[in-house]
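*Asks:* Please take these sequences and the hints and turn them into a complete structure.
All residue numbers for the sequence shown refer to the numbering used here, where the first residue is 26 and numbers rise by one.
Since the hints were made in silico from the structure, they are not lab data.
The model shown is predicted, which means the values in this text are computed figures rather than measured ones.
Glycine residues also receive a C-beta, built at the ideal position from the N, C-alpha and C atoms.
No false leads were slipped in.
Just the calculated beta-carbon pair ranges, DEER-fashion:
{"no.": "1", "residue 1": "Asp130", "residue 2": "Ala95", "range": "31 to 39 Å"}
{"no.": "2", "residue 1": "Asp97", "residue 2": "Arg117", "range": "24 to 32 Å"}
{"no.": "3", "residue 1": "Val67", "residue 2": "Leu92", "range": "20 to 28 Å"}
{"no.": "4", "residue 1": "Ala96", "residue 2": "Glu122", "range": "34 to 42 Å"}
{"no.": "5", "residue 1": "His118", "residue 2": "Ser83", "range": "12 to 20 Å"}
{"no.": "6", "residue 1": "Arg88", "residue 2": "His118", "range": "15 to 23 Å"}
{"no.": "7", "residue 1": "Asp130", "residue 2": "Arg86", "range": "28 to 36 Å"}
{"no.": "8", "residue 1": "Ala96", "residue 2": "His118", "range": "27 to 35 Å"}
{"no.": "9", "residue 1": "Glu71", "residue 2": "Arg121", "range": "15 to 23 Å"}
{"no.": "10", "residue 1": "Arg121", "residue 2": "Asp76", "range": "17 to 25 Å"}
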Amino acid sequence: MTESLHRSGEASPEQLMPEWDGDHVHRTDPAVPGADGELIGVDPAELDEADLIRELRSLHRTRLDTLRHAADAALANHLRRTAELETEYLARHPGREVDPHRLRDA
Numbered sequence: 026m027t028e029s030l031h032r033s034g035e036a037s038p039e040q041l042m043p044e045w046d047g048d049h050v051h052r053t054d055p056a057v058p059g060a061d062g063e064l065i066g067v068d069p070a071e072l073d074e075a076d077l078i079r080e081l082r083s084l085h086r087t088r089l090d091t092l093r094h095a096a097d098a099a100l101a102n103h104l105r106r107t108a109e110l111e112t113e114y115l116a117r118h119p120g121r122e123v124d125p126h127r128l129r130d131a
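*Replies:* Below, the structure is given as structure tokens:
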């Protein structure tokens, strides 16, 4: 999995990840859905605010274990779902408050 796409001929989960243009998630490879051909999870637009936050917390809580120990398909799904939920959050909160203490000096 650590080899590049160029050397191995197979894409890593990160390389199969949808691209985000700031407004939308774009699939780079339409052949990355769940094992049964369907995308996994409730459409983020259908989640109320509390459920969206709960789902985001769950994904962020499990991120490191998924990265380190999950199968490639599970990691790809985790990356896809994270992008979907974060894109929905940003769409709902385009003017979200940015903590000035979290900014780096330019």
